[in-house]
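J.: Please build the complete structure, drawing on both the sequences and the hints.
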Amino acid sequence: MAKEKISADQLISVIISGIEDVKGKEINLLDLRDIENTVCDYFIICEGTSNTQVNAIVNSVQKKVSKELKDNPWHTEGVDNAEWVLIDYVNVVVHVFQKHVREFYDIESLWGDAKTTVIETSY
Numbered sequence: 304m305a306k307e308k309i310s311a312d313q314l315i316s317v318i319i320s321g322i323e324d325v326k327g328k329e330i331n332l333l334d335l336r337d338i339e340n341t342v343c344d345y346f347i348i349c350e351g352t353s354n355t356q357v358n359a360i361v362n363s364v365q366k367k368v369s370k371e372l373k374d375n376p377w378h379t380e381g382v383d384n385a386e387w388v389l390i391d392y393v394n395v396v397v398h399v400f401q402k403h404v405r406e407f408y409d410i411e412s413l414w415g416d417a418k419t420t421v422i423e424t425s426y
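This note's numbering puts the sequence shown at residues 304 to 426.
Everything labelled a hint here was simulated from the structure, so no lab data went into it. All C-beta atoms in this analysis are idealised placements derived from N, C-alpha and C, irrespective of residue type, glycine included. It cannot be assumed that every hint is accurate.
To be verified - Restraint ranges, calculated between C-beta atoms of paired labels, are given here: (1) D344 to E380: 28 to 38 Å; (2) N375 to N354: 20 to 30 Å; (3) S369 to K326: 16 to 26 Å; (4) E339 to S412: 16 to 26 Å; (5) S316 to T379: 14 to 24 Å.
Stated by the list, open to error - Straight line, CA to CA, 30 Å or less: simulated DSS-like cross-link-like pairs of lysine-lysine: (6) K402 to K418; (7) K308 to K326; (8) K367 to K326; (9) K367 to K418; (10) K308 to K367; (11) K370 to K328; (12) K308 to K370; (13) K308 to K402; (14) K326 to K370; (15) K418 to K326; (16) K328 to K366; (17) K326 to K373; (18) K418 to K308; (19) K326 to K366; (20) K328 to K402; (21) K367 to K328; (22) K366 to K402; (23) K402 to K367; (24) K328 to K418; (25) K418 to K366; (26) K366 to K308; (27) K402 to K370; (28) K308 to K373; (29) K418 to K373; (30) K373 to K328.
T.: Written as structure tokens, this is what we have:
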């Protein structure tokens, strides 16, 4: 039986929900579809306040996507240091930073041409 195709909107919604479940901060969605030669369609960028929270965000996202959409990341990187963890779902790539690392790399500025949506949280 063929696996049902998951829409990017579904995946983004579940990922953001997973981030919010453990109170990830400063969530931004970057739409890269109108930029030439990008590696994916969307970046979701957020931050945690410590290694523990960064790992909690990563675990929450992976569990929620696995449970609700029956999908696993193609690749995950940075879990050992938990300062910048990348979760690659092919068309959607999640970046979970600690604040100082996020400020240093400033990915939002590097992808300044992307349409950015700030996700409002209620906490």
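J.: Against this structure, judge whether each hint is valid.
T.: Hint-by-hint comparison with the structure:
1. Checked against the hint of 28 to 38 Å, the C-beta distance between D344 and E380 comes to roughly 19 Å, which is inconsistent with it.
2. Between N375 and N354 the beta carbon distance is about 23 Å. The supplied range of 20 to 30 Å therefore holds.
3. For the pair S369 and K326, the supplied restraint of 16 to 26 Å holds, since their beta-carbon distance comes to about 20 Å.
4. Checked against the hint of 16 to 26 Å, the pair E339 and S412 passes, with Cβ atoms roughly 18 Å apart.
5. A beta carbon spacing of about 20 Å between S316 and T379 agrees with the range 14 to 24 Å that was offered as a hint.
6. As the CA atoms of K402 and K418 are separated by approximately 22 Å, the hinted pair is consistent with the 30 Å bound.
7. Annotation: proposed proximity of K308 to K326 holds, straight-line Cα distance about 29 Å (limit 30 Å).
8. A threshold of 30 Å between alpha carbons decides the hint, and for K367 with K326 the separation of about 14 Å falls inside it, so the pair holds.
9. Using a Cα cut-off of 30 Å, the hinted pair K367 and K418 holds, with the two alpha carbons roughly 26 Å apart.
10. Taking the CA atoms of K308 and K367, the gap is about 17 Å. The hint holds against a cut of 30 Å.
11. Only pairs whose Cα atoms come within 30 Å are accepted, and K370 paired with K328 is accepted, the gap being roughly 23 Å.
12. For a cut-off of 30 Å, the pair hint linking K308 to K370 stands: about 15 Å separates their Cα positions.
13. In summary, the hint linking K308 to K402 is not supported, as the alpha carbons are separated by about 34 Å, beyond the 30 Å threshold.
14. Between K326 and K370, the direct Cα distance comes to roughly 19 Å. Compliance with the 30 Å bound is thereby established for this hinted pair.
15. For the hint linking K418 to K326, the alpha-carbon distance of about 24 Å falls within 30 Å, and the restraint holds.
16. Proposed proximity of K328 and K366 is supported: the alpha carbons are some 19 Å apart, at most 30 Å.
17. Annotation: proposed proximity of K326 to K373 holds, straight-line Cα distance about 23 Å (limit 30 Å).
18. Straight-line distance between C-alpha atoms of K418 and K308 comes to about 25 Å, which keeps the hinted pair within the 30 Å bound.
19. Simply put, K326 and K366 have alpha-carbon atoms about 15 Å apart, close enough for the 30 Å limit, and the pair holds.
20. Restraint check for K328 and K402: the C-alpha separation of about 9 Å stays at or below 30 Å, so the hint holds.
21. For the given pair, K367 sits about 18 Å from K328 by alpha-carbon distance, which is consistent with the 30 Å threshold.
22. Restraint check: the Cα-Cα separation between K366 and K402 comes to about 23 Å, which is no more than 30 Å; the hinted pair holds.
23. Pair hint K402 plus K367 holds up; C-alpha atoms about 24 Å apart against a cutoff of 30 Å.
24. Restraint check for K328 and K418: the C-alpha separation of about 19 Å stays at or below 30 Å, so the hint holds.
25. For the proposed pair K418 and K366, the alpha carbon gap of about 28 Å is at most 30 Å, so the pair holds.
26. As the CA atoms of K366 and K308 are separated by approximately 19 Å, the hinted pair is consistent with the 30 Å bound.
27. Annotation: proposed proximity of K402 to K370 holds, straight-line Cα distance about 29 Å (limit 30 Å).
28. Restraint check for K308 and K373: satisfied, since their Cα atoms lie roughly 11 Å apart, inside the 30 Å limit.
29. The straight-line distance between the Cα atoms of K418 and K373 is roughly 28 Å, inside the 30 Å bound, and the hint therefore holds.
30. Between K373 and K328 the alpha-carbon distance is near 26 Å, which keeps this suggested pair within the 30 Å criterion.
Violated hints, in rising order: 1 and 13; the structure is consistent with all others.
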